[in-house]
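**Q** So the chains spell out like this:
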Amino acid sequence: MSTTLEIGSRREGSEAGVLSLKGEVDVANAHQVRDAALKLVSEGVRLLVVDLSGIEYMDSAGLGVLVAIHKRLREQGGSLAVAGPQPRVGRLFEITGLSQVFAVREDAAAALKEVGG
Amino acid sequence: MKIAAPCRIETRLPRRPEFVRFARSAAKALALQLDFNYGDSCDVELSVGEACANAVEHVCDVECTEILMSFVIESNHLVIEVCDHGQGFDPAKVESSQEDPARGLGIGLQIIRALMDEVKISSSCQTGTCVRMVKYRESEPDAGE
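From first to last, the protein sequence lines are chains B and E. Last residue of the first sequence: 117 (this note's numbering), numbering continuous. Last residue of the second sequence: 1145 (this note's numbering), numbering continuous.
There's no promise every hint is true.
Claimed, not checked - Some chain B residues judged to face chain E by a derived CB distance under 8 Å, without partners named:
| hint | residue |
| --- | --- |
| 1 | LYS39 |
| 2 | GLY90 |
| 3 | LEU92 |
| 4 | THR96 |
Treat the hints as calculated values from the structure; they're not laboratory data. In this text, a Cβ means the ideal position worked out from N, Cα and C, and glycines have one as well.
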């Protein structure tokens, strides 16, 4: 039983990018999110928005990947913001305090503005 | 068909990532069948998912190949245990160490504690780790979300 996850990505100018996720992120597939994000970073993206509006379920493995990518971007002078989490996913950022680590905005446009893209 | 309390369900799962979804989905389905409201059923799903993910990700013992999951259905609450026979860890050390959330274990336990009504974690190198979680049912089930 595999976990359903669709990952899309797009560039927004020379340094910004949006990773759009749809489905579920858990321990079985969080590495796919990490790989997709690192691919964007390797292509020069320093300002990354992860659009979670299509995510119905995410666990700590997904949160851990976001933290790791955030750290990587910070080391390169960039930043990460999260866009549009549904209430049950958004609540996780509050529970874990990660809403204090990176910006959580209502949509991708607002998140892009936050990271400076 | 209603499940009459008290009742105990036990299952053993391969300690592999692809079975975590099965475990959490089963837990959510059971909670819904027991007339837990939708939000609480989602909390049960996520908590079971986190407990199983901990067993999958943070047990290094190759001899530990199974996760033992049990549900005890009582009249007004559900008791869930997720156990492994791995090398164990120090729960106090993990929960007091939040400086590296990317590791996941601390975050997972933090989430379980926030979502479940009672949580007890026992762990030792002799017996492995067992996460015991209790969720109480509200009196009136809601209509879902």
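**Q** The structure should be examined with respect to each hint, and the outcome stated for every one.
**A** Hint-by-hint comparison with the structure:
1. LYS39: Cβ of LYS39 of chain B sits 19 Å from chain E, so the hint is violated.
2. GLY90: violated (13 Å)
3. LEU92: This interface hint holds because 6 Å falls under the 8 Å limit.
4. THR96: Because about 5 Å separates THR96 of chain B from the closest Cβ in chain E, which is inside the 8 Å limit, the hint holds.
The structure shown violates the earlier hints numbered 1, 2.
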